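Engineer: Here are the chains, one letter per residue:
Number of protein chains: 4
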Amino acid sequence: MILKALVLNCTLKAASEQSNTEALAGVLVRELEGHEVTTEIVRVTDFHVPPGVTTDEGQGDQWPHIHSKLLESDILVFATPTWLGHPSSIAQRVLERMDAMISEMGPDGLPVAYNRVAGVVVTGNEDGAHHVVSQVAQGLIDIGYTVPGQAWTYWNRGPGPGPSYLDTTEGHEWSATTGQTAAAVLMAVARSLKLNPIPSEAYKA
Amino acid sequence: MILKALVLNCTLKAASEQSNTEALAGVLVRELEGHEVTTEIVRVTDFHVPPGVTTDEGQGDQWPHIHSKLLESDILVFATPTWLGHPSSIAQRVLERMDAMISEMGPDGLPVAYNRVAGVVVTGNEDGAHHVVSQVAQGLIDIGYTVPGQAWTYWNRGPGPGPSYLDTTEGHEWSATTGQTAAAVLMAVARSLKLNPIPSEAYKA
Amino acid sequence: MILKALVLNCTLKAASEQSNTEALAGVLVRELEGHEVTTEIVRVTDFHVPPGVTTDEGQGDQWPHIHSKLLESDILVFATPTWLGHPSSIAQRVLERMDAMISEMGPDGLPVAYNRVAGVVVTGNEDGAHHVVSQVAQGLIDIGYTVPGQAWTYWNRGPGPGPSYLDTTEGHEWSATTGQTAAAVLMAVARSLKLNPIPSEAYKA
Amino acid sequence: MILKALVLNCTLKAASEQSNTEALAGVLVRELEGHEVTTEIVRVTDFHVPPGVTTDEGQGDQWPHIHSKLLESDILVFATPTWLGHPSSIAQRVLERMDAMISEMGPDGLPVAYNRVAGVVVTGNEDGAHHVVSQVAQGLIDIGYTVPGQAWTYWNRGPGPGPSYLDTTEGHEWSATTGQTAAAVLMAVARSLKLNPIPSEAYKA
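Residue numbers (my numbering), protein chains in the order written: chain B, 1 to 205; chain H, 206 to 410; chain A, 411 to 615; chain X, 616 to 820.
If you're looking for bench data, these hints aren't it; they were derived computationally from the structure. Just so it is clear, the structure is predicted and the values come from calculations on it, not from any experiment. By construction, the Cβ of each residue, glycine as well, lies at the ideal position given by its N, Cα and C atoms. A portion of the hints provided could be inaccurate.
[Stated by the list, open to error] For each label pair, taking beta carbons as the anchor points, the in silico distance ranges come out as:
hint: 1; chain 1: A; residue 1: Ser426; chain 2: H; residue 2: Thr374; range: 38 to 48 Å
hint: 2; chain 1: X; residue 1: Asp671; chain 2: B; residue 2: Gly58; range: 57 to 67 Å
hint: 3; chain 1: X; residue 1: Glu632; chain 2: B; residue 2: Glu170; range: 24 to 34 Å
hint: 4; chain 1: A; residue 1: Glu580; chain 2: H; residue 2: Gly311; range: 42 to 52 Å
hint: 5; chain 1: A; residue 1: Glu580; chain 2: H; residue 2: Asp313; range: 44 to 54 Å
hint: 6; chain 1: X; residue 1: Lys684; chain 2: H; residue 2: Glu241; range: 49 to 59 Å
hint: 7; chain 1: H; residue 1: Gly311; chain 2: A; residue 2: His582; range: 49 to 59 Å
hint: 8; chain 1: B; residue 1: Thr177; chain 2: H; residue 2: Pro402; range: 16 to 26 Å
hint: 9; chain 1: H; residue 1: Glu309; chain 2: X; residue 2: Gln633; range: 42 to 52 Å
hint: 10; chain 1: X; residue 1: Asp671; chain 2: B; residue 2: Met105; range: 48 to 58 Å
hint: 11; chain 1: A; residue 1: Pro460; chain 2: H; residue 2: Pro312; range: 50 to 60 Å
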């Protein structure tokens, strides 16, 4: 079975700058590709994604490009830095634009995110990863994604301000092992849902 | 395929009092039982569940009784009222006691919550359900449960203080339809994972 | 004593569109102006505020304009809609840009937000206000703002999707009374801190 | 001016066990006592505090004892460990019992928590402090407490599981300095509000 994965990197940084979040997401990418999952990384700041809650806000909106990649992917890896203990403004922008997917139905009559799985990758200087996972997971579950158990990893190093992920090797091993498990459960649950998907009649609204 | 579901009702109320949370969870129970899923409701306040983060805190601890029911169930419906916008103290107590399950391994070498699914039911007077879902879902995902897309329902009626769920019929229809979908996706994903479970080698730690 | 208040409206909408959030914030504005507090409303989407965590990201960044208004104000009213149960991406963008204020010191040697107060206004279709208050209040407290008791109001109307604030009059009275109290406590605590400010020696870092 | 401070330690541990949370709260206690603030620490698990949202749940309920201490205190230091990234079940229990204070009016006709200040102390093994602060601060603000800027400190040491606060000295210095600032701003704002309290007419409900 061929699976596709999309990594959305919600860093605040422009393409020219190194992203700690992308570096940690790379652990999952390597695990996925090692199991023949086609993987693509999109840095959201490379695109013009204006505020809004529809799929196409017009006037040069590049969200439709990302939206179509979402619909081609079985697995979503939602990667974000932590600012003020929260998901980044780019992450929230992405969730707002994905909000429209709640009422977009696929050929099976189900919201388009059904039968897709999502995981979360979080980096930060000091603290906040569990909360960021809670916010991203809840948002994606609202939209219809299934979030498998332990389908996340994070890195930070509190208390207080300190080095970023790429500035040190402290804690990397735990974050990598946890990320490899995340990739493996994402693949496993994506496969289960491909073989035995949620049926059309599940949706009552 | 025979599935078992456990509803944990985390109301603050003693058994003698009517629980709004149990009333809304009843929507899911009826849907599950209509599809031959064996269902049991446990009101946590009926048991002595002292503070702690192990599976048996000794001295009359009745958590082991609930813990064994969790291990017999494919589907967990985690139902809680909202207080101050948060899951109840009973809900958090349950999550703390379930924390030990992170390091309890099943015969497949995986954390015992793997290949089980969980959904969330929330009631409250005014506001807070999305946050309660975020907290409960993140906690259960940490522990290893898979949370299917849209596997939750809620009822509240803001802004400000107002009637409880059983005091009115306003909004009941939306909460019921949403709850029926939640029950259906829980059954569907539980079945998918029974037929094609997350394999032992997924877990890297 | 003359006080100044700044309302930051973090709606996703462009200036040409009516903002529910601004309408509810208007309750506080009227109460503040009725007590001779100079008040200004800034709709953040009217300005180019790129991603970043410094006070000036260069290249047409208009955040410095808003930043200077923050430094002239004793009272901040942080107003945001609710999307996916979270503060808007514009609200998080504002918090990220305000993050730099943690290390900007005033003439008293204290972080510039010390001795300023902040309140929160939240609108939404269905649910999420308490959580939005928690996120905005924690972010502003991190930055150094004092948040007085009950210095917030909100409007939403769950469960499920429904009308926006300006589409109905349901619940408006509660939101207005609560907002008037919010304005009054903001003025009172702002005055207390003007008369007896947190002294320079409080800050130990 | 004589000020009184109450520290509520919401550890899960019984009195016989050493509390990391109490150890970190001790930093604030020493700072407060060094400025002639009378300070008392209450470990909530030493008392029988049953579930409920009234001030006296009857039948051996010992919450009224803690409630009366709250009413005698100008400053509340709310100290909690982190479990699953959340405030402890004891912390949520305390907030639920304090919920009744929203409708308890003082001799000035204001909710009893008005003109009192609160701060937050958080410990944990790995991550979650910002979120815990957000939950506790929002709850206490709902109830009427004023939360001064930066009136919190925390200690944890992610990523992943690791030593507890008292098992190491890593990061203690940052947590201590931050805690000393927290104590100082709590004292300063408590004094400002004693000298110029929020007036009766602020409350509109």
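Engineer: Confirm or reject each hint.
Structural biologist: The hints, checked one at a time:
no. : hint                            : in the structure
1   : A:Ser426 x H:Thr374: 38 to 48 Å : holds, 40 Å
2   : X:Asp671 x B:Gly58: 57 to 67 Å  : holds, 60 Å
3   : X:Glu632 x B:Glu170: 24 to 34 Å : holds, 30 Å
4   : A:Glu580 x H:Gly311: 42 to 52 Å : holds, 50 Å
5   : A:Glu580 x H:Asp313: 44 to 54 Å : holds, 52 Å
6   : X:Lys684 x H:Glu241: 49 to 59 Å : holds, 54 Å
7   : H:Gly311 x A:His582: 49 to 59 Å : holds, 54 Å
8   : B:Thr177 x H:Pro402: 16 to 26 Å : holds, 21 Å
9   : H:Glu309 x X:Gln633: 42 to 52 Å : violated, 26 Å
10  : X:Asp671 x B:Met105: 48 to 58 Å : holds, 53 Å
11  : A:Pro460 x H:Pro312: 50 to 60 Å : holds, 54 Å
Hint 9 alone, counting from the list given before, is not met by this structure.
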